[in-house]
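**Student:** Produce the complete structure using the sequences and hints provided.
Number of protein chains: 2
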Amino acid sequence: MTARIREFLAARRPEGPCLVLDLDVVRDNFLSFRRALPDSRVFYAVKANPAPEVLSLLAGLGSNFDCASVAEIEMALEAGATPDRISFGNTIKKERDVARAFLLGVDLFAVDSIAEVEKVARQAPGARVFCRILCDGAGAEWPLSRKFGCEPEMAIDVLEAAQQRGLAAYGVSFHVGSQQGNTEAWDGALASAAEIFRVLGERGIHLKMVNLGGGFPTRYLRDIPAVEAYGRSIENAIRSHFGNRIPETIIEPGRGMVGSAGVIKTEVVLISQKGGADDMRWVFLDIGKFGGLAETMDEAIRYPLVTRHEGAASTPCIVAGPTCDSADVLYEKTPYDLPITLEIGDEILIEGTGAYTTTYASVAFNGFPPLQAYVI
Amino acid sequence: MTARIREFLAARRPEGPCLVLDLDVVRDNFLSFRRALPDSRVFYAVKANPAPEVLSLLAGLGSNFDCASVAEIEMALEAGATPDRISFGNTIKKERDVARAFLLGVDLFAVDSIAEVEKVARQAPGARVFCRILCDGAGAEWPLSRKFGCEPEMAIDVLEAAQQRGLAAYGVSFHVGSQQGNTEAWDGALASAAEIFRVLGERGIHLKMVNLGGGFPTRYLRDIPAVEAYGRSIENAIRSHFGNRIPETIIEPGRGMVGSAGVIKTEVVLISQKGGADDMRWVFLDIGKFGGLAETMDEAIRYPLVTRHEGAASTPCIVAGPTCDSADVLYEKTPYDLPITLEIGDEILIEGTGAYTTTYASVAFNGFPPLQAYVI
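These protein sequence lines map, in sequence, to chains F and S. The opening residue of the first sequence carries number 1 in the UniProt record's numbering; numbering runs sequentially from there. The opening residue of the second sequence carries number 1 in the UniProt record's numbering; numbering runs sequentially from there.
The reader is advised that the hints may include incorrect statements.
What the hints assert, rightly or not - Stretch-level coverage of chain S by chain F, calculated; a stretch enters the list once three of its residues show a Cβ under 8 Å from a Cβ in chain F: (1) 38-44; (2) 147-154; (3) 265-275; (4) 283-292; (5) 328-336; (6) 358-367.
Simulated from the structure, these hints should not be mistaken for lab results. Every residue, glycine too, gets a C-beta built ideally from N, C-alpha and C.
**Tutor:** Here is the structure:
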């Protein structure tokens, strides 16, 4: 929560739920990443929050951009990034989208299979590709499935195939899991990456880059390590696995760049109980899983909720959204302590909501409009 | 799948994933409900698919409308429904939205708590309210949480409070769970409803209506009972619990009205494997959890996938969406058998997708546009 956000809300009193995003925090976060990992290039993960103001600010600060689709590439270009500062980081691309991206000047592509290498080779001849490897994601709060990446031995074949098809086998990427609380989580994957560099080097293919991915956390309810701690730990791991042949590195922060910059203003629509033996309070907000808080899925991300009843006694509540969908419950397995003095109509501020909220919101589920956003 | 949908897709070849909805099927479904439950009024659950063409068709056929928000009420009015044919069926309403609805002429409101009764009493004096009771939802594929409804004993207090505050205590509602496969599922809740009628009758409050809710299924992979079987079973249960004092009844089909009318056209973006001991194929489509298939959450709804390889040998696959979000996996715990001859670029038709798809789609997650829809 920043003074600028508080002042904006007090002055504007916007109707309905909305996100307010403070660009000063985004700037601070960018500079922290650069200080903590001075030898890595920052590729902002556009999917976390593609607001034009965020992209322009970051483009001006010299950031690069990790894009998931042609639309995101176009947004990054629009914001002032040159194509050499853009990576098409999705391992799942339509062949015609590879062609579109290449036409726009993008020449860095993620792959994790030979089928994807073949698309890139056909549509983006000579481009650089990096292969994503699987990573177990232990320690992450929004853990990754096996959806992206392949086994490290297979990555060797994928990169060799790329080189054979006229592409530049450029590097290895991995992702340690989103909202990663363990600063050492990069070590194992860096060991695998170094081994891939070694084996391919013996075959005359000299990789240049390790993409360290994202995973850098935002502070929700629990304290998180400072970004400097991540920087030191990653630097040590790189040195221990690559010795004096340090590769280029890039990082792809998304949540870590914008999460802490945003606050969602919401309103208590109803507080009720169910009767019988169940005296737990249900607190219904005017935003839920379908209005932007999709990351409460399985109660993964636990946002700080700030009320005007600071310091009041509290009891555990079930927190739910406003739609007629019974899956639209935010916190139930682990109820959320809220003040006993909380009332219908009260405002609740949800902190740490700058990432993965606006674009996750549904178009019009139950007739509720998507999340409004104000970038200040 | 209907001939009209096949012909539309063959003629128009729309780019990107899209839903095609056949209004003839919606009409047939409406008429089936009316035949199967001739004594019940149909309130279409607008949230299932609020396409203007669907609402206009149903308004013309004489349907009533169950609305979750003021926006849905306005859509129903726009489509030609008069306000007396509209129910504000969400138990979680902002007080100012109750006022707006009442101003538009709506006078039937759902409640499940005294706090909600008080809002309605203040903003919609004299309106009719029905109280939703909890129902265990056994037998449902998209089971309901305890989010909506209260214990039956509490419903008595809620309805009595409504009457005392100048509202008309009008009836009882419940929901047996979406995609309900058990035609007998209504029996227990009808017993509770009859008991509420009896107790309140002794206090001089004579309820008039039972809202039987939705839950009527769409055929996905498994066969479902015919709507006539639901009609017979519900009629028997009403007679057994209410004797010769049969109340008015209403039903609120959503999925059962439009689910079978829609087909989503999608494209295979990538087929790959992960290497190592894991030789399972991953099949990535250009639509996923954030593009309209949110009901695959926890693999709840298992849609039929139709390929051009009818009859070919098949093996289990993991099916996933196109976004850079590792939660965007549709079927993994229970893999999906797909033809071994399936290829990148193939079209896959997803049947039974007329309900809970277009409006569930995210605004622009990963830069992918929301689901396009064609109503024919």
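**Student:** Taking the hints in turn, state whether each one holds.
**Tutor:** Results of checking the hints against the structure:
1. Coverage of the segment 38-44 of chain S by chain F is violated in this model, with 0 residues showing a Cβ closer than 8 Å to a Cβ of that chain against a need of three.
2. With 7 residues bearing a CB less than 8 Å from a CB of chain F, the segment 147-154 of chain S meets the requirement of three and the coverage assertion stands.
3. Three residues within the 8 Å Cβ limit are the bar, and the segment 265-275 of chain S against chain F gives 8, so the coverage statement holds.
4. Beta-carbon proximity to chain F at under 8 Å applies to 3 residues in the segment 283-292 of chain S; the threshold of 3 is reached and the given coverage holds.
5. Figure legend: the segment 328-336 of chain S, annotated as covered by chain F; annotation consistent (3 residues with Cβ-Cβ distances under 8 Å, at least 3 required).
6. Only residues whose C-beta sits within less than 8 Å of a C-beta in chain F count toward coverage, and the segment 358-367 of chain S has 10 of them, enough to reach three; the restraint holds.
Consistency with the previously given hints fails for number 1 only.
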